[in-house]
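Engineer: Using full-length UniProt numbering, you'd call the opening residue of the sequence shown number 1 and step up by one each time.
Honestly, the hints are just simulated from the structure, not real lab data.
There could be a bad hint or two in this list.
[Stated by the list, open to error] DSSO-like, lysine-lysine: derived pairs with alpha carbons at most 27 Å apart:
no., residue 1, residue 2
1, LYS345, LYS426
2, LYS88, LYS51
3, LYS664, LYS34
4, LYS288, LYS347
5, LYS404, LYS490
6, LYS30, LYS88
7, LYS172, LYS161
8, LYS443, LYS426
[Unchecked claim] Distance ranges between label pairs, derived from CB positions:
no., residue 1, residue 2, range
9, PRO493, CYS465, 18 to 28 Å
10, GLU203, LYS152, 54 to 64 Å
11, LYS125, SER550, 31 to 41 Å
12, PRO63, THR339, 15 to 25 Å
13, SER570, ALA86, 47 to 57 Å
14, SER570, SER188, 52 to 62 Å
15, ARG41, GLU165, 54 to 64 Å
16, ALA86, HIS136, 40 to 50 Å
17, GLY289, ARG41, 16 to 26 Å
Each residue gets a CB set at the ideal place from its N, CA and C atoms; glycine is no exception.
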Amino acid sequence: MSKITTELLLERAVPRSTRLRKIETLNLSKLQLKTGDLDPRLFSRLRHLQKLDLSDNLLDKFPNSLTLPDLRVLNCNNNQLEDVTALKQFPLLEELTYENNMYLTTNDDYKVMFLLQNLRLLNGKDITKLANHVRHVNSRKLTNKVTAHWEKFFRDQLPEKYTVEQVKSIKKKFLKSVQTNVVYGPSSLSEFTRWRVKMIAEEFLASSLGLEENTDPKTEEETDENEEESTESPREVVEDISQVKLTPNKRKRNNSTPSSRNKRSKSQATTKEEAALEPLHFLQCHSKGNSREDFKTQLWSCVFEPLPDSGSRKDPTVSSSRTVATCGGEAVCLIDCETGMVLKKYKVATEEFFSVAWTTLTMVVGDSRKKTHNILAAAGRRGIVKLIHVAADFCYGEIKAHKKPIATICFSPTHETHLFTASYDKRIALWDIGIPDCDYNFKASQLLVLEAHSIPLRIALVPTCPDQYLLAGCEEGCFSWNIKLDKEQKNRPFEAMFQFPDDEGDMTTSHRVDGLAFLNDDVIVSKSSKTGCIFLWSWSRSFDGKGKASQRTISAVILAELEWSTTDMSYLTLSTCPAKEYVFCGDEKGSVWMYNLSNCTTAWSTAKGKRSDKRIPPTQILKWPELRANGEQLTEVLINNVVTDPTFTYLVALTSVNITAIWKKS
């Protein structure tokens with residue numbers, strides 16, 4: 001179903017309106033709209049629309065029949081537009097902006113200047129003089145060159161009486177030859193020149209010689225470009241794929257509505273704080289060799305993509321898309337949580353990916369303009385970090401970070417090029433990955449090495465001082481390091497080691513910490529030594545930054561304990577949703593334990609806040625549905641990781657049986 005309805009259009013009109021035909025100004029920005037959401041039948045009723053804002057969406061092109069006959073001002077900033085030629089349907093357009101559309105170049109600027117005869121302002125600049133030159137001088141010179149090319153090389157090839165096949169043959173040869181040999185203007189505008197030459201040549205053949213214009217949807221230009229792409233440097237390409245969907249046993253089958261949902265999974269708790277979650281999709285998209293029989297690949301990490309124009313330092317509740325990156329086995333996938341479509345899939349046959357992380361870099365493109373792009377880092381068993389430019393669909397580089405596997409990675413929230421990698425070599429390294437230039441050349445450098453006594457499994461930067469302290473949950477304890485870069489020492493030992501109560505009530509530092517995350521600026525959530533328990537503890541009350549002694553042992557100030565599974569299974573990690581004050585953790589039975597702690601955090605924030613005596617039970621336990629594959633029910637499902645987007649709209653669970661499960665909060 002389209003996101004755009006009559007009610008939405010009336011509500012987003014400026015000012016609000018009661019009739020579509022009365023709307024003159026319309027703001028449809030920041031709605032995550034895709035091209036398919038622009039319904040021509042609905043837009044055709046906006047007969048008097050003059051100003052339209054479609055900025056900050058996901059549009060890759062315009063439908064060809066929006067029918068907005070009076071449109072004068074159009075804003076398409078921060079989309080994913082690949083082509084501008086469909087804009088010719090708005091002949092009265094006077095002002096157009098489409099900045100931060102990574103695929104558009106100066107060639108597209110010249111195309112719209114030619115197509116839109118009334119255009120005065122493009123991306124905020126007066127283009128009147130340049131547009132007149134493009135429309136008249138440029139066109140006249142190219143027409144003369146095209147005509148001369150025909151007269152010199154092709155006129156005599158056409159006999160007085162010719163067959164249809166002869167016409168087709170000479171037309172094909174002429175169009176290809178004229179686009180190759182007619183050159184005018186700077187090389188940076190060669191794409192525009194080729195586009196105009198083809199257009200002029202087809203008009204020339206039709207008007208002067210009575211030959212029909214080329215209506216073949218796959219033009220010679222497209223064929224040549226495809227051949228050229230196949231011979232480019234062998235970058236590792238991110239492939240578009242289809243995915244296997246597994247159907248819950250209770251889901252109603254309806255072939256005409258593939259997105260139909262099954263009944264809500266029943267939770268163990270039924271309090272008023274319970275989140276109503278409906279299962280959307282169960283995807284088998286990390287299979288080795290794309291095998292439908294693969295229910296063994298372990299899935300480990302998932303992170304939601306930030307919106308393209310939002311840096312990591314902005315408010316997360318308004319800076320996340322519905323696209324999630326997942327990793328496991330040889331593959332990294334990008335999934336649209338709403339549709340269940342696997343948008344991209346990146347594979348390395350010899351790799352097993354353990355962790356992914358996003359950052360947003362401001363890069364300089366070919367015409368010297370700066371644009372922001374999301375970069376996905378992925379790492380795993382080979383100790384190599386892959387850097388993937390998602391919108392451009394390829395891996396542009398790699399960093400050989402460690403000689404042993406990388407367990408987890410994360411980017412700094414304050415320095416977009418700073419990446420932490422935690423490895424089985426018992427070291428955590430800080431890298432500056434650099435910013436690639438327009439040819440994707442980059443230079444990475446190592447800034448710090450943090451020495452650990454055991455393998456680091458989870459890492460977290462302290463929110464109140466992310467440039468100074470890093471926490472790590474390790475195979476044999478929980479540690480903190482001073483990571484301030486103004487210190488001369490590049491290799492650093494840990495500064496503090498935290499101890500927690502064990503099953504006997506004694507304090508211990510020797511325990512595996514396989515879950516670690518911040519619930520807010522101060523409260524840490526960790527899963528470690530005590531059976532059936534998740535700890536919540538205070539950073540500010542536990543750690544005294546003024547202490548001078550290195551490698552101190554500190555007792556964690558426990559605020560509360562969360563009741564969890566009594567399993568001794570390791571590496572079932574936890575996550576938090578700070579904006580909604582939720583904690584999530586999967587278990588060995590395929591269930592997701594959910595804790596709404598909004599009633600507790602205020603009390604913990606006071607200096608005299610007391611520890612909760614009783615373990616806090618889960619607000620809700622999301623049960624694993626009855627899934628069948630090849631006629632057999634999937635059993636023994638472990639939830640390795642569970643993550644929500646910042647607004648807690650979607651919940652994604654990664655399993656031990658190669659299933660990515662997606663729920664949506666209703």
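Engineer: All hints, please: hold or fail.
Structural biologist: Each hint tested on the structure:
1. LYS345 x LYS426: Given pair LYS345, LYS426 is violated - Cα atoms ~30 Å apart, limit 27 Å.
2. LYS88 x LYS51: holds (16 Å)
3. LYS664 x LYS34: Given pair LYS664, LYS34 holds - Cα atoms ~20 Å apart, limit 27 Å.
4. LYS288 x LYS347: holds (10 Å)
5. LYS404 x LYS490: holds (20 Å)
6. LYS30 x LYS88: holds (24 Å)
7. LYS172 x LYS161: holds (18 Å)
8. LYS443 x LYS426: Answer holds: LYS443 to LYS426 is near 25 Å, not above 27 Å.
9. PRO493 x CYS465: 18 to 28 Å: holds (19 Å)
10. GLU203 x LYS152: 54 to 64 Å: violated (19 Å)
11. LYS125 x SER550: 31 to 41 Å: With a Cβ separation near 57 Å, LYS125 and SER550 fall outside 31 to 41 Å, so the hint is violated.
12. PRO63 x THR339: 15 to 25 Å: Because 19 Å falls inside the window, the suggested range holds.
13. SER570 x ALA86: 47 to 57 Å: About 54 Å separates the Cβ atoms of SER570 and ALA86, which means 47 to 57 Å holds.
14. SER570 x SER188: 52 to 62 Å: Holds, since SER570 and SER188 (Cβ atoms, about 56 Å apart) stay within the stated range.
15. ARG41 x GLU165: 54 to 64 Å: For ARG41 and GLU165 the Cβ distance comes to about 42 Å; the hint is violated.
16. ALA86 x HIS136: 40 to 50 Å: violated (24 Å)
17. GLY289 x ARG41: 16 to 26 Å: violated (44 Å)
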